[in-house]
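**Student:** Residues per chain are reported as follows:
There are 2 protein chains.
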Amino acid sequence: LQCFNGTSRVRSFSFVPDFAFAHSPLDRLSAIRNNEDKLKKLRESKAVSCVRISGDQLLFDGDTPDFSPPKPHENIILLGRDPAQKNWFATATQATDSLKSIRQIMIDGALPKEVLSIIAQARSLVHWHETHGFCARCGTASVMSDAGYRRHCPACHADHFPRTDPVVIMAVTRHDKVLLGRQASWPHGMFSVLAGFLEPGETIEQAVRREVKEESGIEIGRVEYFASQPWPFPASLMIGVIAEALNDHIEIDATEIEQARWVGADELRLMLDNKHPDGLTASRRDAIAWHLSVAALQRLSVET
Amino acid sequence: LQCFNGTSRVRSFSFVPDFAFAHSPLDRLSAIRNNEDKLKKLRESKAVSCVRISGDQLLFDGDTPDFSPPKPHENIILLGRDPAQKNWFATATQATDSLKSIRQIMIDGALPKEVLSIIAQARSLVHWHETHGFCARCGTASVMSDAGYRRHCPACHADHFPRTDPVVIMAVTRHDKVLLGRQASWPHGMFSVLAGFLEPGETIEQAVRREVKEESGIEIGRVEYFASQPWPFPASLMIGVIAEALNDHIEIDATEIEQARWVGADELRLMLDNKHPDGLTASRRDAIAWHLSVAALQRLSVET
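Residue numbers (the numbering used here), protein chains in the order written: chain A, 37 to 340; chain B, 37 to 340.
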């Protein structure tokens, strides 16, 4: 992971970080989304796959995902075209026994990272349609259009667009330590970096400072962008940063997190490698949180 | 504007860029949003201001904004507390003759930047309530709660949260030039950097590459984060980056932009200073676009 170039802290953005959902190979073909003829042609083309989603689960056919071409009755969303010229669509499917949790698929790691990223796009879009069947402006049932990237209200003529929720997630550093917290609902012993939703009227940097202050009482100075990750549970954009604390004293907000502590480089390394003597862990490699911790660790190693 | 440290491209994030809406002084007091007693106390405290919004306009009383304390009948949203311990709220107001466009207020520059930032928060939240009165899941009228940061559906019990739409905005550079485009609807002669909404399942970097490719045909390599700006028309988060082009040949998508061209440092400087012989301009200083152009210009100056 070549994030920081020694002491100069130059961040290279040509690398693609090895976390989940960030490896989509698709050309989204947005120019043809409202061209019914071209969409029909795509749907009937030779190489077509359809991702079938129910809630946060994916439809399987035996041991592999059911990516069979869309049936005539299926109301499909255009995902895009992959480099092998295969056209990808998504649709909602009914709850059956043949579903598998997308989180579990991510953890198992059996699917190529490109396919997992396509599934993330499918999940976020299908969820948006499933939870936005009515016009929020007037309450009338709305209609999917633009191949799944718009819903139109036939009564008040409002247009609605898919929603993506920006989340700030931050490795907070102070001298030779990183701030980690845990929520009561997490698996025993798991810690991670802090995170929270960005609010209307905030910059990324303001959201970082507010969230860290609210959850831990720590004041933040310098904020540095690291990388971003789509997180399809249901439709977040994780904006990862490294943030420098201005004070040490932790005062947690117990409604948000159960515990927060400063962790040194040696202990963090044990947690990241799943070798901590007390069984403490630091999130999963699929999450940007793990990579933020590693980047913070590299920085600590450079500076100390 | 100390964005880049000479040739090493180290980005300092302690500076607050001097664009509009990014200077909120408020503590958002999110811990008390669902505490009715504390909210009542705040509302009745001595130092209270209420921002009154109608669409993208602000209510005035004569020559100054009507920030008078909330009337008993007004349904208010908590904005936060400023450093002088004044509590700020927002509410929707009816269309009257005493309204002034928030864009025009921004352009006039008569209000302190901190107050303009508070108005941005108010505008985004009021707009969300005005356009989300019904549950998108079931169509029933929903009810404002959490001092304005949630709407609850009494029928299906869904909770809805304010929406912020991430937008990528990028200064694309190639050798000694910056890519600028213009939309047909813009004032005559105005050019700006490219921008577009991030879609579900994308990273920031992927959205930058897709948008630039779609609008101009240019391929992007390295992407570097610059800064972010809340943009309350109605509720965007502008994520500003500098992006390096891998090719020169422009092919515009005429449905998105009318024209795109490579502009050299000397010409860009004339545009930024409003001194271009043909009257070409490069967006307003209030927008992050202007500051992205300046940052790109500084980089060109360093490299050439």
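One or more hints might be untrue.
[Unchecked claim] Straight-line alpha carbon distances no greater than 25 angstroms define the calculated BS3-like cross-link-like pairs of lysine-lysine that follow:
1) B:LYS74 with A:LYS249
2) A:LYS149 with B:LYS74
3) B:LYS77 with B:LYS107
4) A:LYS77 with B:LYS77
5) A:LYS76 with A:LYS149
Keep in mind that the hints were calculated from the coordinates and are not lab data.
**Student:** Give a verdict on every hint.
**Tutor:** Do the hints match the structure? See the list:
no. : hint                  : verdict
1   : B:LYS74 with A:LYS249 : 20 angstroms, holds
2   : A:LYS149 with B:LYS74 : 49 angstroms, violated
3   : B:LYS77 with B:LYS107 : 14 angstroms, holds
4   : A:LYS77 with B:LYS77  : 63 angstroms, violated
5   : A:LYS76 with A:LYS149 : 28 angstroms, violated
Hints 2, 4, 5 from the list above are not met by this structure, while the remaining hints are.
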